[in-house]
Amino acid sequence: MSALATPAAITPNRPGLTGRLSDFLWKHPHVLLAILLGPPVLWLGIIYLGSLFALLLQSFFSIDDFSGLINYEFTLSTYKQLLSDANFDIIVRTITMAAVVTIFSALIAFPIAYYAARYAKGKWKAVFYLGIMLPLWSSYLVKIYAWKLILAKEGILTWAFAKLHLLWLLDAWLALPIIGGNSLSVSYTGTFLVFVYVWMPFMILPIQAALERVPGNLIEASSDLGGTPQQTFRHVLFPLALPGIVAGSIFTFSLTLGDYIIPQIVGSSRLFIGQAVYAQQGTAGNIPLAAAFTVVPIVIMGLYLWMAKRMGAFDAL
Amino acid sequence: MRSDRSASAPLGLKIAAIGGLLFLHIPILLIFLYAFTTEEKSYQFPPPGLTLQWFAVTWNRPDVWAALTLSVKVATIATAIALVLGTLCAAAVSQTRFFGRETISLLVILPIALPGIITGIALRSAFSMADIPFSFWTIVLGHATFCIVVVYNNAVARFRRVSGSLIEASMDLGADGFQTFRHIILPNIGTALLAGGMLAFALSFDEVIVTTFTGGQQSTLPIWMLEELIRPRQRPVTNVVAMVVMLVTFLPILAAYYLTRDGDQIAGAGK
Chain A
5 MSALATPAAI TPNRPGLTGR LSDFLWKHPH VLLAILLGPP VLWLGIIYLG SLFALLLQSF
65 FSIDDFSGLI NYEFTLSTYK QLLSDANFDI IVRTITMAAV VTIFSALIAF PIAYYAARYA
125 KGKWKAVFYL GIMLPLWSSY LVKIYAWKLI LAKEGILTWA FAKLHLLWLL DAWLALPIIG
185 GNSLSVSYTG TFLVFVYVWM PFMILPIQAA LERVPGNLIE ASSDLGGTPQ QTFRHVLFPL
245 ALPGIVAGSI FTFSLTLGDY IIPQIVGSSR LFIGQAVYAQ QGTAGNIPLA AAFTVVPIVI
305 MGLYLWMAKR MGAFDAL
Chain B
247 MRSDRSASAP LGLKIAAIGG LLFLHIPILL IFLYAFTTEE KSYQFPPPGL TLQWFAVTWN
307 RPDVWAALTL SVKVATIATA IALVLGTLCA AAVSQTRFFG RETISLLVIL PIALPGIITG
367 IALRSAFSMA DIPFSFWTIV LGHATFCIVV VYNNAVARFR RVSGSLIEAS MDLGADGFQT
427 FRHIILPNIG TALLAGGMLA FALSFDEVIV TTFTGGQQST LPIWMLEELI RPRQRPVTNV
487 VAMVVMLVTF LPILAAYYLT RDGDQIAGAG K
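Sequence lines, in order, name chains A and B.
Each residue of the first sequence is one higher than the one before, counting from 5 in my numbering.
Each residue of the second sequence is one higher than the one before, counting from 247 in my numbering.
There could be a bad hint or two in this list.
As the list claims (entries may be wrong) - Cut-off 27 Å, straight-line C-alpha distance, at most; resulting in silico cross-link-like pairs (BS3-like, lysine-lysine):
(1) Lys260(B) / Lys127(A)
(2) Lys167(A) / Lys287(B)
(3) Lys167(A) / Lys157(A)
(4) Lys287(B) / Lys157(A)
(5) Lys287(B) / Lys152(A)
(6) Lys152(A) / Lys167(A)
(7) Lys260(B) / Lys129(A)
(8) Lys260(B) / Lys125(A)
No lab work stands behind these hints: they were computed from the structure.
Predicted model only: the values in this text are computed from it and were never measured.
Please build the complete structure, drawing on both the sequences and the hints.
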């Protein structure tokens with residue numbers, strides 16, 4: 005297996021077919037490497053990259069307005085269509101939502117990660133770990149369904165507000181422009197809550213990993229030198245945790261950017277990128293425009309990953 | 247952490263951390279409560295009464311059983327493919343140095359790093375271009391592609407901890423490559439593979455976005471669930487299925503946790 009190690013000085017040839025094969029692979033590590041890497045690379049290369057490339061190619065075709073058939077000629081007209089006002093609105097709306105969801109996820113995730121990394125011990129460490137892992141891995145649709153139960157007009161949230169005599173507050177919130185709506189389950193607020201709930205756990209683990217790697221004596225050194233806990237946090241701990249936050253934001257941002265099921269089930273009728281892609285390829289049958297729409301998250305995530313790499317976020321993954 | 251002498255956390259931090267955990271868990275507890283509600287038409291809270299009747303109704307629904315069987319079949323085969331490909335890839339990346347190693351890691355992570363809708367629509371248009379009819383196997387193909395990364399991550403982490411001197415010692419003592427794999431490497435990475443396989447199973451069992459694009463007429467359990475979410479037919483049955491799905495995904499996660507627990511403690515313990 006370890007093809008790097010230098011072959012032993014004396015290697016008598018082994019008997020039998022497997023022995024000879026083993027010797028051959030030992031003497032030719034490149035063959036071994038090819039055997040190991042071949043199947044996964046072929047699978048991902050052909051099935052995944054192949055289809056991805058084919059999809060991107062389609063964004064340079066256009067659709068014939070009269071026949072509805074795809075016109076296989078190179079054109080940039082689909083991209084012009086992508087930047088029309090209505091479609092551009094969708095892109096801006098989605099990016100704004102993804103950014104807000106990411107910020108709030110970081111705010112909620114940080115205390116959990118901080119506590120789990122620095123204070124939880126023994127049994128509590130396990131409780132925190134499972135407490136994060138179970139919601140993270142449990143069914144995506146069931147989680148959305150849970151929020152449908154919560155946000156429904158007759159659901160627990162309205163009940164809780166009524167019990168606390170705060171219904172006026174809920175009504176005032178829903179009366180707000182843009183983020184309000186007829187009820188929580190058809191407003192941006194509802195969409196936002198579900199997004200944060202579903203993607204926030206992905207933020208906790210990278211932050212926790214980054215915080216756990218901060219050596220304890222750095223904190224001690226900071227306080228020995230007269231730093232207050234606030235100063236230590238601001239100047240020592242937070243900068244060291246930042247790569248973890250950036251790593252986590254890759255997940256929350258990317259996952260929000262491409263989601264089309266959450267805004268479809270909880271939210272207003274205004275589209276997000278994912279819904280636009282789904283509608284274009286399905287009912288509208290406009291594969292080129294759908295492909296052009298998918299280029300948006302790919303480009304954004306490309307830039308994002310490039311920035312994250314420069315900040316050293318990948319070490320925190 | 248280790249050298250922290252201050253035993254207790256500031257009160258504000260404690261409240262924020264516990265509040266965050268409650269935010270994560272209360273919706274899940276509600277799913278368990280609603281499975282027993284007697285209310286049929288709305289999502290009324292608190293439930294007017296509790297009953298077990300809907301478990302019996304759900305048990306006798308053939309569409310639920312068909313969806314469940316399909317999901318289990320797809321997840322099993324996709325996990326098997328992902329286990330083979332993910333382990334091969336992890337072995338190559340962790341045991342050898344070669345040009346383009348970083349690119350391989352990126353290639354493996356890409357199907358899960360890019361939004362699911364991109365993977366889904368890319369596969370769908372590729373299938374239709376190649377005139378491959380949508381079937382059971384197109385679903386498996388899609389699922390295996392994004393399951394590889396889970397197995398890969400688990401296996402790579404464990405391979406790093408399998409000491410190279412163990413492998414060399416085995417070779418020095420006369421074992422050939424296959425014997426070393428069978429008796430030294432496999433026992434060492436076994437639990438990591440099992441854990442990775444379980445997580446891959448959970449991932450596939452729950453996947454809906456790619457499946458909507460690569461599935462034909464058949465519906466997996468998540469697809470069934472999605473249809474109920476968009477056009478509810480019988481809410482109490484959906485409630486019960488939601489609870490069962492929750493339980494079914496909990497088991498592999500708990501198992502995976504216990505299998506890799508020691509490894510995590512080593513990985514987390516300083517450096």
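Against the structure, the hints come out as follows:
no. : hint                  : result
1   : Lys260(B) / Lys127(A) : 16 Å, holds
2   : Lys167(A) / Lys287(B) : 23 Å, holds
3   : Lys167(A) / Lys157(A) : 14 Å, holds
4   : Lys287(B) / Lys157(A) : 13 Å, holds
5   : Lys287(B) / Lys152(A) : 14 Å, holds
6   : Lys152(A) / Lys167(A) : 20 Å, holds
7   : Lys260(B) / Lys129(A) : 14 Å, holds
8   : Lys260(B) / Lys125(A) : 14 Å, holds
Comparing the model with each numbered hint stated earlier shows that all of them hold.
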